[in-house]
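Undergrad: Reading the sequence shown from the start, the letters are residues -18 to -1, 1 to 557 in mature numbering (1 follows the signal peptide of the UniProt record, and there is no 0).
I should point out that these hints are in silico values taken from the structure, not numbers from a laboratory. We put the CB at the ideal spot given by N, CA and C, even for glycine. Mixed in with the good hints, there may be bad ones.
[What the hints assert, rightly or not] Taking lysine-lysine and the BS3-like style, the derived pairs with C-alpha atoms no more than 30 Å apart in a straight line are:
{"#": "1", "residue 1": "Lys538", "residue 2": "Lys437"}
{"#": "2", "residue 1": "Lys462", "residue 2": "Lys540"}
{"#": "3", "residue 1": "Lys486", "residue 2": "Lys540"}
{"#": "4", "residue 1": "Lys468", "residue 2": "Lys310"}
{"#": "5", "residue 1": "Lys162", "residue 2": "Lys538"}
[Claimed, not checked] Between beta-carbon pairs, the in silico distance windows are:
{"#": "6", "residue 1": "Asp18", "residue 2": "Ile72", "range": "20 to 26 Å"}
{"#": "7", "residue 1": "Asp18", "residue 2": "Gly150", "range": "39 to 45 Å"}
{"#": "8", "residue 1": "Arg23", "residue 2": "Gln409", "range": "32 to 38 Å"}
{"#": "9", "residue 1": "Asp366", "residue 2": "Ser122", "range": "34 to 40 Å"}
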Amino acid sequence: MKLTILLCLLVGSMNGFAQQGAAPQPLALESPEMEDYLKSRKPAIVTIQVDNLPASAGTVGVSYKLPQLGTHLQKNRVARLSTNNTLSIILEDNLPYQQVFLTVDSFVRMGIVVNSNLHIRIDAAKIKRKGGNQAGEEVSFSGIDGDLNTVLKEYALFRIHERDSIEGRLLDQSTKTSNKRIAMAAFLLTADSVYRQLQAIDDAFIAKYPHYGEIIRNETNSLYYGLYCRPFSFREIPAPMWEKIQAHQPYFMSVNALLFYHFLSNVTVNNSKNGPANIQQLLYSQYGDYNAVQQSILDSIQYYEQLNAVEKEKSKQVLKNLYAERWKHLAHEQTLLLEKRNIQIIDSTYTGPRADLLKICLLNDMKAYFATTFPVLQAHLATDWCKRIVDFQLTQLSAYQKQTDSLYTLSQIINQDKLYIGRPLDQLPFGANLYRLDSIGKASDLIINLQARFKGQAIIIDFWATWCVPCLKDMPKSGKLHEDNKDLPVAYVYLCTTGGSNEKTWKKYVEDMKLPGTHIFVNDAIMAELKRKFNAADSYPTYVVIDLKGYASSSKIKRMWGMNRNSLKQVIGMP
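Using the sequences and the hints, build the whole thing.
TA: Written out as structure tokens, the structure reads:
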């Protein structure tokens, strides 16, 4: 996807501006005043009204995504218009000026910002004449946040193709520099050029709306500084730019703000002064706490790592296998020690809300062992509203884990006649069974039915989308893993979202890739609920493993290209 599609509209986070002519009064997310401000705040409300909707439209679905702090960059929610074609949404969090990516059925999508209340009115007749789905004249805003969204809708469309190209270039160069595919010197030249072009576009728009200049420039800076930081792991950011990054404070609860904090957290932890974490050294510091097997693995690694360069090169595969064994037997301990190290580095660099926001960015790497890692992080937070975020996510993950674990027991006693996983569509000659799932009682019913259908087997679930390039690149690796390990008790289930695709396109991809296994074309709302149940990332591809004992994990497999027979046996719980 292009960057502007991912980021959608710019939004603001400030404690007061009600009219287009009023000067914004920004309150940065990391402002010390934020805690007192949030104490009396109620969650914002969005109302939607669709006019001139033809009777043939039927029930209209609404999906929305909200950037959030914590284990995932966004959370997905779904709803439906009532019989009078209206909907009221009360946001779950009370953070100010929340960015929301809103899609009303398949005919309009938009980015909005909600601080107090926003009413959205959509004229379906104008959408039909317009023949597109990008929010334009068919959408109008009112309410306290109405004027802001009217301006930001105009900004989103302002020189959109030019800005899209510039932002895409910055993302591309940042990614390639991170992967060491282009030189840092080339990136610095590109970044400087891109920033000047983005500033020129902003200046042209701000000339019409001067009172919005600060918030628009702030959001552009969040995007730019975040992607600028990205390639600088274990490298030193030039001093003049580092001063600007240090001074920047996002106003918005937006994707750009979250990317800024995540990449700043990463470059802080992985800075040029500290160097990469020495996992072996960290684990050895707690040597006396481990059992005999764990100690033996560490001792073996210690021996091979201390060999001279020639001997070490000869022992490369042995070390690789030992590292895999270390992760197998000491993953929890390693995660906890890395967490403590990273917290210490952040606390030695920053204080107050900024330190806490950067520490919250560590949550995603620790979620596999959230029961122990989250309380450790929470104990190192000084900001109450940040503590509440971690506490909420810990409670939520604990509840999801308990529910998911209980499904295994239910799957063992379920009536075989009720194993509904979707409407059967086709059986392909290479061993692929195709289904379509548009509705089901609860998302957990699908999990139970899959476990019952594949009783005695582990299950690897691949969440993917037809428009997801990384998904399509990774899936042949999954097919090879399946082919090379047919003797292992593993069922491969591929869940493709209906979002942004159709059944014909999905079937074509399955047929072309010739992947054996169970393929289900899943309604996007069900897909979102499944991901929540599994504590899985909102992005694609995402993998969930249900091991031979029925325990589910969304962190055991990051990508299929790194899997082999040994790692496969490890993740499914085989000796």
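Undergrad: Hint by hint, say whether it matches the structure.
TA: Okay, the hints, checked on the actual structure:
no., hint, result
1, Lys538 to Lys437, "holds (21 Å)"
2, Lys462 to Lys540, "holds (17 Å)"
3, Lys486 to Lys540, "holds (28 Å)"
4, Lys468 to Lys310, "holds (23 Å)"
5, Lys162 to Lys538, "holds (26 Å)"
6, Asp18 to Ile72: 20 to 26 Å, "holds (23 Å)"
7, Asp18 to Gly150: 39 to 45 Å, "holds (40 Å)"
8, Arg23 to Gln409: 32 to 38 Å, "violated (55 Å)"
9, Asp366 to Ser122: 34 to 40 Å, "holds (38 Å)"
The earlier numbered hint that this structure contradicts is number 8, and it is the only one.
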